[in-house]
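Start from the sequences, fold in the hints, and give me the full structure.
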Amino acid sequence: MIEHTETKPKLGVRSFFQDERTRNLVWQFVFFIVIVLLVFMTMRNVIEALTERGMAPSFKFLSFSSGITIGETIIEFDSRSSNLRALMVGLLNTISISVLVILFSILFGFVVVLCRISSNWIVSHVAKAYIEIIRNIPLLMLLLVWYRAFFLQMPGIRNAIMFHKKVSESGDISASMMLSNRGLHLVWPIPRDSFHIYRFILLGALLVAIAVYIVSRLDYRKTGRKKPGLLWAFLSFVGVAGVGLICMIGNEPFSLQYPVLGKFNARGGLYVSSEWFSLFSGLVLYTSAFVAEALRAGIQGVSKGQMEAARALGLGHLRALRLVVIPQAKIVAIPPLTSIFLGVAKNTSLGVAIGFPDLFSITGTIINQTGRALEMILIVMAIYLSISGLTSIFMNWYNHKVQLVER
Amino acid sequence: MKMKKTGIMLIALCMMFATAFEISAQAAKHGATLDAVKKRGYLIAGVNSSNAGWSYLKPDGTYEGFEVEFARAIAAAIFNDPAKVQYRPLTSKERFAALQSGEIDVLIRTATHTLTRDTDLSLNFTTPYFYDGQSFLVRKDLGVKKLEDLDGATIAVLTGSTGEITLSDVMAAKGLKYKPLLFESLDELKNAFFSGRADAWTSDKSSLAATAATYPNASDYMTLDMTVSKEPLAMAVRHGDDDWYDLVQWVLNAMIFAEEKDITSVNVSKVKSSTKDPEIQSFLGVKNQLGSLLGVSNDWAYNIIKKVGNYEEIFNKHLGPKTIFNIPRGLSQPWTKGGLMYSKTIFNIPRGLSQPWTKGGLMYSPPFK
Chain G
1 MIEHTETKPK LGVRSFFQDE RTRNLVWQFV FFIVIVLLVF MTMRNVIEAL TERGMAPSFK
61 FLSFSSGITI GETIIEFDSR SSNLRALMVG LLNTISISVL VILFSILFGF VVVLCRISSN
121 WIVSHVAKAY IEIIRNIPLL MLLLVWYRAF FLQMPGIRNA IMFHKKVSES GDISASMMLS
181 NRGLHLVWPI PRDSFHIYRF ILLGALLVAI AVYIVSRLDY RKTGRKKPGL LWAFLSFVGV
241 AGVGLICMIG NEPFSLQYPV LGKFNARGGL YVSSEWFSLF SGLVLYTSAF VAEALRAGIQ
301 GVSKGQMEAA RALGLGHLRA LRLVVIPQAK IVAIPPLTSI FLGVAKNTSL GVAIGFPDLF
361 SITGTIINQT GRALEMILIV MAIYLSISGL TSIFMNWYNH KVQLVER
Chain X
1 MKMKKTGIML IALCMMFATA FEISAQAAKH GATLDAVKKR GYLIAGVNSS NAGWSYLKPD
61 GTYEGFEVEF ARAIAAAIFN DPAKVQYRPL TSKERFAALQ SGEIDVLIRT ATHTLTRDTD
121 LSLNFTTPYF YDGQSFLVRK DLGVKKLEDL DGATIAVLTG STGEITLSDV MAAKGLKYKP
181 LLFESLDELK NAFFSGRADA WTSDKSSLAA TAATYPNASD YMTLDMTVSK EPLAMAVRHG
241 DDDWYDLVQW VLNAMIFAEE KDITSVNVSK VKSSTKDPEI QSFLGVKNQL GSLLGVSNDW
301 AYNIIKKVGN YEEIFNKHLG PKTIFNIPRG LSQPWTKGGL MYSKTIFNIP RGLSQPWTKG
361 GLMYSPPFK
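Order-wise, the sequence lines are chains G and X. Residue numbers for the first sequence follow the numbering used here, beginning at 1 and rising by one. Residue numbers for the second sequence follow the numbering used here, beginning at 1 and rising by one.
In short, the hints are calculated from the structure, not lab data. Here the structure is a predicted model, which means the values were calculated and not measured. Think of the CB as a built atom: it goes at the ideal place given N, C-alpha and C, for glycine as much as any other residue. It is possible that some hints are incorrect.
Reference listing, derived: stretches of chain X covered by chain G, where coverage requires no fewer than 3 residues with Cβ under 8 Å from a Cβ of chain G [as the list claims (entries may be wrong)]:
hint, stretch
1, 41-53
2, 165-173
3, 192-200
4, 286-299
With the C-beta cut set under 10 Å, the calculated list includes, among others, these residues of chain G facing chain X [stated by the list, open to error]:
hint, residue
5, L144
6, R148
7, P189
8, P191
9, G355
Put into structure tokens, the structure is as follows:
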């Protein structure tokens, strides 16, 4: 080896190209230059063409007042807020719904896959039919059917389905739950003045919960016996918070706000629009079918002998699944799950079809109002790329972690 | 060897890209559009595919409507054949980008002429072919009469329209709160609105009338008797090719002028052979060479009127009294005599300012001299 590298320079230019490693390096360098050149020329031509038409790319419009109103916002927004803030509203709507969809489709997908691999013929085949039907319907159609045929068919707001309906002396109608084609209005606790005291109780409860969790982990390390630490932590949080709440009776930290029927819409309480609910439930139905298949691939990838051995050791079916099969199935299922979750954030952009103001819908509005199509498309591409990138990084990290534990 | 080939191919590909962009960057020079259209053999017009009466795709794959007639008229002026048009269905979001990128030659798609679009989007607008205005469609039993009554309402609006921003402005100006419900497709919007998901639907009066007329329970709904915006609908072309802009503008002028002078597709041949009016003689190409100044044949205006019709003819054919939209033109009051001729029933698309100037409207064509 040493001899070889020492004699090489003497052989001159010809052997320089004959060395496969240098040749590969040269080709990679050339390829890199070509890519850079291509990107550069494309950019230059786009900018030149736009400048020639008097539309040189600029991002100043982002700070201008947007002049639009958005129906569903997590942060405060009105028509005087900037285009950038409008974009933020859309981003938060997209992210919040994506996260919820992912969480719920894992839960629901898990239930479906348990049914699918069940030894009960009917249960297994109902799950199979569900997976096959949902997976073979285009998502857009699923959303439209769901929205049109289910949510829009609910009674109008005047004839909403109400629970605990009350009519006040002034004739205002309120209820603890109103269900109409506008969505769901629910009674909701609103913090009152005394909430600033209750805050400390909540903080205390959180500290207690963390302490309980740490103690259970330490105990596990010492004794090797596993206890449901998270469950205990959660219960102690609820316990402390509950005791605090009882102590504060007479000066409650929350007041219950009931939705009141106005002239057009109901006001107050928690409101979930039918668009949000259609998109959310449609996506959960759709995604969970794919999640179920990915999980099934994982579970069936574990050799039958593992299950049989676990049963032979006296474990029940569910415990054998939980303790033996699923930890091994996870490793196989995570890569396909990653690509399913990557699709979720992108799939929320179909919300534009059913009137949900997600990132893509708001982008369209901004493009229409400012005419800055190229700039907005670039921004939105970058945003979706970052969301996918982050999801991917997280899933790869999790994948790596699970793999390590197994070794 | 194999690697070398890949490298060469990559470089070739890269050069191809560069040339392609170079070409597209050079579009829109003077007279270039007309030359390109002539060379191509047909006009490419950006239109709507689902706006009943205005521009819509028929089951047999052809386009029909008031706006489509203008594209036909331009084709008639250039090729003496109104069928030489390729229609591109565009959403309101796509329409300006399609024009800027050179994908279409002219945009005729209920586009409102606004300062921003004129300047920032680098477009040129003709004079309006229809003076429209935004209003609200509501259920009659809601008892809504004026804008203030809509405080707190959910209002459906098509995203990508001027209506979206006008709505936001007028509500903010009066300090009224509302929930917008934005849809990209008219079908989804109609579905949600007519099922009671929204309390009102805002759009141009012409569109409200055209769409509501096709709904079975149309009589349960009414358009509010007010207009919150001015919407001069005009044809648009790209900046940078004034010759093309001139042609499109004068095609519209020709149709308005023909109405003023009572020249119709029926009598145009007779008028051409018998008229003593020197302006009409120039107009129809009997004398002078007006067509050559526009880069088309001298009987261009004759061809438009003969093959497509004058403004009144195409208006009546698609939006007039004999259509389901049923616009009695005689009821329209000229704006100079006390208002802008806005009718009270949703079936009436007021001709309003779209009357010829001789009858008190604003449809004015410069003299053909």
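Now the hints, each set against the structure:
1. Here the stretch 41-53 of chain X counts 0 residues with a CB under 8 Å from a CB of chain G, which misses the bar of 3, and the coverage is violated.
2. By the rule of at least three residues with a Cβ nearer than 8 Å to a Cβ of chain G, the coverage given for the stretch 165-173 of chain X holds, with 6 such residues.
3. Under a criterion of three residues with beta carbons nearer than 8 Å to beta carbons of chain G, the stated coverage of the stretch 192-200 of chain X is upheld, 5 such residues being counted.
4. By the rule of at least three residues with a Cβ nearer than 8 Å to a Cβ of chain G, the coverage given for the stretch 286-299 of chain X is violated, with 0 such residues.
5. Interface restraint check for L144 (chain G): the shortest CB-CB distance to chain X comes to about 7 Å, inside 10 Å, so the restraint holds.
6. For R148 (chain G), the interface hint holds, the least distance from its beta-carbon to any beta-carbon of chain X being 6 Å, beneath 10 Å.
7. The closest approach between the C-beta of P189 (chain G) and any C-beta of chain X is roughly 23 Å, which is over the 10 Å cut-off, so the hint fails.
8. Proximity of P191 (chain G) to chain X is violated relative to the hint, the smallest CB-CB distance being about 23 Å (cut-off 10 Å).
9. Annotation: G355 (chain G) was flagged as interfacial toward chain X, and the flag holds, the nearest CB pair being 5 Å apart, inside 10 Å.
The structure is inconsistent with the numbered hints 1, 4, 7 and 8, although it conforms to all the rest.
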